[in-house]
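Below are the chains, spelled out letter by letter.
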Amino acid sequence: MTDATQHNLPPGPIIKGKLSRDDIIMRGSMVVIGLYLLITMVFPLYAMLSKSFSTFQFDLSSYEVQVSDETGTTFSNPISLNDLNEQLKVLEDSDMIAGSDGRLGVTQFFPDFSFRSPVKYRIRNTTDEGRFLVGSTLTDSTDWVELDSNTFRRVQLRPVKSIGFGNFQSYFDTPALSNSIKNSVLIATISTIVTVTLAFWFAFALSRSCMRFKGLFRLIAMAPILVPSLLPGIALVYLFGNQGMLKELLFGASIYGPIGIVIGSVFFTFPHAFLIISTALAISDGRLYEAATSLRATPWRTFWTVTIPGARYGLVSAAFVVFNLVITDFGLPKVIGGQFNVLAVDIYKQVIGQQNFEMGAVVSVVLVLPAILAFAIDRFVQSKQVALLSARSVPYQPKPNKKADWILFSYASLIGIFIIGMLAVCQFAALVKFWPYDLSFSLNNYQFDRMDGGGWGAYYNSIKLGLLTAIVGTAIIFFGAYLVEKSNGFRTGRAIFQMFAMLPMAIPGMVLGLAYIFFFNNPANPLHAIYGTMAILVVCTVTHFYTVSHLTATTALQQMDREFESVSASLKQPTLKLFGRVTVPVCLPSILDISIYLFVNAMTTVSAVVFLYSPTTSLASIAVLNMDDAGDIAPAAAMGMMIFYTNAGARIFHLIASRGILSRTQAWRNR
Amino acid sequence: MTILKKTMTSVAALAISATAAFAEAELTVYTAIEAEDLARYAETFNASHPDIKINWVRDSTGVITAKLLAERDNPQADVVWGLAATSLLLLKSEGMLEAYAPAGVEKLDPKFVDKDETPAWVGMDAWVASVCYNTVEAEKLGLTPPTSWKDLTDAQYKGHVIMPNPASSGTGFLDVSSWLQIFGEDDGWAFMDGLHENIARYTHSGSAPCKLAASGEIPIGVSFAFRGAKSKAAGAPLEIIVPSEGVGWDMEATAIVAGTDDLEAAQKLVDFTITKEANEMYNVGYAVVAYPGIAKPVEHFPTNLLDAMIDNDFEFAANNRAAILKEWASRYDGKSDPK
Numbered sequence: 000m001t002d003a004t005q006h007n008l009p010p011g012p013i014i015k016g017k018l019s020r021d022d023i024i025m026r027g028s029m030v031v032i033g034l035y036l037l038i039t040m041v042f043p044l045y046a047m048l049s050k051s052f053s054t055f056q057f058d059l060s061s062y063e064v065q066v067s068d069e070t071g072t073t074f075s076n077p078i079s080l081n082d083l084n085e086q087l088k089v090l091e092d093s094d095m096i097a098g099s100d101g102r103l104g105v106t107q108f109f110p111d112f113s114f115r116s117p118v119k120y121r122i123r124n125t126t127d128e129g130r131f132l133v134g135s136t137l138t139d140s141t142d143w144v145e146l147d148s149n150t151f152r153r154v155q156l157r158p159v160k161s162i163g164f165g166n167f168q169s170y171f172d173t174p175a176l177s178n179s180i181k182n183s184v185l186i187a188t189i190s191t192i193v194t195v196t197l198a199f200w201f202a203f204a205l206s207r208s209c210m211r212f213k214g215l216f217r218l219i220a221m222a223p224i225l226v227p228s229l230l231p232g233i234a235l236v237y238l239f240g241n242q243g244m245l246k247e248l249l250f251g252a253s254i255y256g257p258i259g260i261v262i263g264s265v266f267f268t269f270p271h272a273f274l275i276i277s278t279a280l281a282i283s284d285g286r287l288y289e290a291a292t293s294l295r296a297t298p299w300r301t302f303w304t305v306t307i308p309g310a311r312y313g314l315v316s317a318a319f320v321v322f323n324l325v326i327t328d329f330g331l332p333k334v335i336g337g338q339f340n341v342l343a344v345d346i347y348k349q350v351i352g353q354q355n356f357e358m359g360a361v362v363s364v365v366l367v368l369p370a371i372l373a374f375a376i377d378r379f380v381q382s383k384q385v386a387l388l389s390a391r392s393v394p395y396q397p398k399p400n401k402k403a404d405w406i407l408f409s410y411a412s413l414i415g416i417f418i419i420g421m422l423a424v425c426q427f428a429a430l431v432k433f434w435p436y437d438l439s440f441s442l443n444n445y446q447f448d449r450m451d452g453g454g455w456g457a458y459y460n461s462i463k464l465g466l467l468t469a470i471v472g473t474a475i476i477f478f479g480a481y482l483v484e485k486s487n488g489f490r491t492g493r494a495i496f497q498m499f500a501m502l503p504m505a506i507p508g509m510v511l512g513l514a515y516i517f518f519f520n521n522p523a524n525p526l527h528a529i530y531g532t533m534a535i536l537v538v539c540t541v542t543h544f545y546t547v548s549h550l551t552a553t554t555a556l557q558q559m560d561r562e563f564e565s566v567s568a569s570l571k572q573p574t575l576k577l578f579g580r581v582t583v584p585v586c587l588p589s590i591l592d593i594s595i596y597l598f599v600n601a602m603t604t605v606s607a608v609v610f611l612y613s614p615t616t617s618l619a620s621i622a623v624l625n626m627d628d629a630g631d632i633a634p635a636a637a638m639g640m641m642i643f644y645t646n647a648g649a650r651i652f653h654l655i656a657s658r659g660i661l662s663r664t665q666a667w668r669n670r
Numbered sequence: 000m001t002i003l004k005k006t007m008t009s010v011a012a013l014a015i016s017a018t019a020a021f022a023e024a025e026l027t028v029y030t031a032i033e034a035e036d037l038a039r040y041a042e043t044f045n046a047s048h049p050d051i052k053i054n055w056v057r058d059s060t061g062v063i064t065a066k067l068l069a070e071r072d073n074p075q076a077d078v079v080w081g082l083a084a085t086s087l088l089l090l091k092s093e094g095m096l097e098a099y100a101p102a103g104v105e106k107l108d109p110k111f112v113d114k115d116e117t118p119a120w121v122g123m124d125a126w127v128a129s130v131c132y133n134t135v136e137a138e139k140l141g142l143t144p145p146t147s148w149k150d151l152t153d154a155q156y157k158g159h160v161i162m163p164n165p166a167s168s169g170t171g172f173l174d175v176s177s178w179l180q181i182f183g184e185d186d187g188w189a190f191m192d193g194l195h196e197n198i199a200r201y202t203h204s205g206s207a208p209c210k211l212a213a214s215g216e217i218p219i220g221v222s223f224a225f226r227g228a229k230s231k232a233a234g235a236p237l238e239i240i241v242p243s244e245g246v247g248w249d250m251e252a253t254a255i256v257a258g259t260d261d262l263e264a265a266q267k268l269v270d271f272t273i274t275k276e277a278n279e280m281y282n283v284g285y286a287v288v289a290y291p292g293i294a295k296p297v298e299h300f301p302t303n304l305l306d307a308m309i310d311n312d313f314e315f316a317a318n319n320r321a322a323i324l325k326e327w328a329s330r331y332d333g334k335s336d337p338k
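Just so you know, the protein sequences line up as chains F and X, in that order. Counting from 0, one number per residue, gives the positions in the first sequence under numbering that gives the first Met the number 0. Counting from 0, one number per residue, gives the positions in the second sequence under numbering that gives the first Met the number 0.
Fair warning: there could be bad hints in the mix.
Chain X regions said to be covered by chain F (calculated; three or more residues, Cβ under 8 Å) [claimed, not checked]: (1) 123-135; (2) 264-272.
Non-contacting residues of chain X with respect to chain F, defined by C-beta distances greater than 10 Å in every case (computed) [what the hints assert, rightly or not]: (3) E42; (4) H48; (5) R57; (6) V62; (7) A69; (8) Q155; (9) E276; (10) V283; (11) H299; (12) A321.
Since the hints were derived computationally from the structure, they do not count as laboratory data. Quick reminder that beta carbons are idealized off the backbone N, C-alpha and C, glycines included.
Just need the whole structure built from these sequences, with the hints factored in.
What follows is the structure, given as structure tokens:
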């Protein structure tokens, strides 16, 4: 045998596993959920991006004018406004950029124009797209319109649609808008530094000392997660506003602005930073501390060489999460930001205040960039993390140290008072009759039906949204995660799906909401029917909070051996039966976690849904926003506290229910 | 089949035929009128026109305007009843309104009717700018009550005045456009430069300044009279000041959307909206209505309001809106810079 004969053999067929019916079902389902993400996230974002490039411009070449002599009978030859402008150089190219409601007067092209002169003017559109107004009456035909001088000064050109970078250009040319980039980054950076520092010491106190009431402190630290980010803003108004209880503490500085945003941001991002950092501190190896002690390292040195390096990934991750939360948050700066403009509020102002959707899209694009960057860095750092805890590790046991314990306890108490205090102030304000003139208690502020914002109906809508989001969202997300984790082959499809599932985390809520307007409020879209209904709110909320739930689900699923699938296949059982009989019951704790996460967030979210609610589907969190906006601050505080109690109740119910269910379904865990 | 069931079916059938008999026409009406007033308005209309059924679509002024503009090529509304005239002018400039002179239009105050030969819209009632002044807080701070717009630029009010942002609030825009009309372009901006020095901050909503004045947060709120009267009725220590130079105002107005399926019914509705009866209905909440001589004073409303209303040039306001807001933002939106 020589190599030559082997060479002549025809290449054999590539061996491929035959697709079983199960595989087909799983791939099909994966495609369906993938399509869901495509329609609810990728398409709307694309619609928004293209909107940001849709500009309005004055097209001078599409108008022609004629001027008469003093008698008003003999007219000059028609000349296009563009040629007139070239001769006179009245307007630059940059003056041609306009918003959708732009107007351009025409008399500026006639240097010797006087509205008293007997000279007459004729004007017409040369194309079908041309549009101009006489007064406020629209003319879009190509017929000549003859006007006397006095009427001619009322002629206004209207811009036409085109595509280009015009919106971005005028964005960066308007300091009032582009300053917000600097403001947003500044606020987010300061808040991040403060929050991470405070949260680190709080977590340190809880994991490295022997102080008392740790469980209670842990509970208090998580409380801000249960309220909309608007609420700390309202509390700050009552504390430090011009009629505030503690306004002397600010020494004349105004709470409306950066100070207020930073304090409020620390409040509402604290639990997120605390959770991440305390997880990082919890997995420390006691042996390192023993080594440090035997090497006679001072506590200070041990802190810098053992504690901090051990928690560094947690710290970095917490920093980026907080940064992202602050820069994308809309509720807090809306309430307490005063004249301090930030990106997220700019989007709202452009869209709701001025109906300038194009500019709203531009600000969204600007806001997405830092958000995606922070997200990408966080993911990168996470992937660098290596296991600190090996099989031989010894969990760290803090030793009592009277002085240190006492200091850390006082510190934790201060944080606790800060958090409880903010909530208590809101509750107090909600119960007072007419702050600050009548401090007697009454329930007047709970008569939501007498205020703007949607009344009690909004509150019930919120609960409905929370439940629907929890049920629908958990089903879609968990099943999706299962398909990605447990199906065979189909690598590209799974990779794309993973990417889609991670994307929502990087998209700020405001941006998602606005993108939904562009995509779903288009009459040509067959899904247009869900616009303005509860369905679109559910879809939007599920997508907005997809990533964290997806990660929780995959973590739980990764802990299940793939052998289960092999065994069920060899027993000729369909995978879906396995899913229902084994996977779901085993992962029940995570499934319950996902649903409570979705419920709480659906109750508190403002940013994504603020563009999407309709008069019949107003929400409690939106009502807080609208009541505060209209100056009804006390009822806003009252509604905010209703959200808090509902969420706290849901948490307790979740705790009890999961205990009950788990004791029945998870009995196998403790044999 | 039980008797009960039979009766119920026949009752249902009767009910269906009854509605069919009464409501021969249905109109989709877009509005920004307060939700609590809608039912009352529809009832009064149906008392004389039982054959026309109104399907309301209600939202705030900004949102409804945006919705109407977005539906430009495929309008869903038949009639707009109760939207700011400045918004209707925007729609008119898009060619979206059907000009119609309702029966009896000549009886209305000409201020409230579109100036075109066949008016594109007719007014209902006016909401008028005013200054809400918290007497308790002002006394604490040692302020003297202002009597004119110019007074508000006085240094004693520094940080004690609050007004809506004209970019997001219709009330804020009517203030700015009225100042430009009262003082003229150059003096108007000079006035606002001075006022800006005293402004604590600009709010998003038009009613917020008055509510903030009512709660003493900021003693002087530039807002509208209706809001001030409401807060005063709720017990706030407010005085409603009508500045001597005159005050800006906007009106709620009615128009037919071009391309409506049922022009005849739409015209009937618009005819109704300018009747004396309808204006009496508006008068419950609004002190100034389009039909002259019928308005009864509304509690806590300043009495000299009608004379103080300037001769508002809505066309000027609408056609210069984009330019005014751009100028305004470049001058004052920068107050946001960190101090």
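Now for the hints, and whether the structure bears them out:
1. Counting residues of the segment 123-135 of chain X whose beta carbon lies closer than 8 Å to any beta carbon of chain F gives 1, which falls below the threshold of three, so the coverage claim is violated.
2. Given a C-beta distance limit of less than 8 Å, the hint that chain F covers the segment 264-272 of chain X is violated, as 0 residues qualify and 3 are needed.
3. With a minimum CB-CB distance of about 19 Å to chain F, E42 of chain X clears the 10 Å threshold, and the non-interface call stands.
4. Listed as a non-interface residue, H48 of chain X keeps its Cβ farther than 10 Å from every Cβ of chain F; the least gap is roughly 25 Å.
5. Its closest Cβ contact with chain F, about 6 Å, brings R57 of chain X to no more than 10 Å, contrary to its assignment away from the interface.
6. With 10 Å as the threshold on Cβ separation, the claim that V62 of chain X sits away from chain F is violated: the shortest Cβ distance comes to roughly 7 Å.
7. The beta carbon of A69 of chain X sits about 7 Å from the closest Cβ of chain F, which is not more than 10 Å, so the claim that it is off the interface is violated.
8. At roughly 16 Å, the least C-beta separation between Q155 of chain X and chain F is larger than 10 Å, which holds for a residue marked as non-interface.
9. For E276 of chain X, the condition that its CB be more than 10 Å from all CB atoms of chain F holds, with the nearest at approximately 27 Å.
10. Annotated as non-interface, V283 of chain X keeps its C-beta farther than 10 Å from every C-beta of chain F; the closest such distance is 16 Å.
11. With a closest Cβ-Cβ approach of about 16 Å to chain F, H299 of chain X is found to remain outside the 10 Å limit, as its non-interface label requires.
12. With 10 Å as the threshold on Cβ separation, the claim that A321 of chain X sits away from chain F is violated: the shortest Cβ distance comes to roughly 5 Å.
Taken one by one, the earlier hints fail for this structure at numbers 1, 2, 5, 6, 7 and 12, listed in ascending order.
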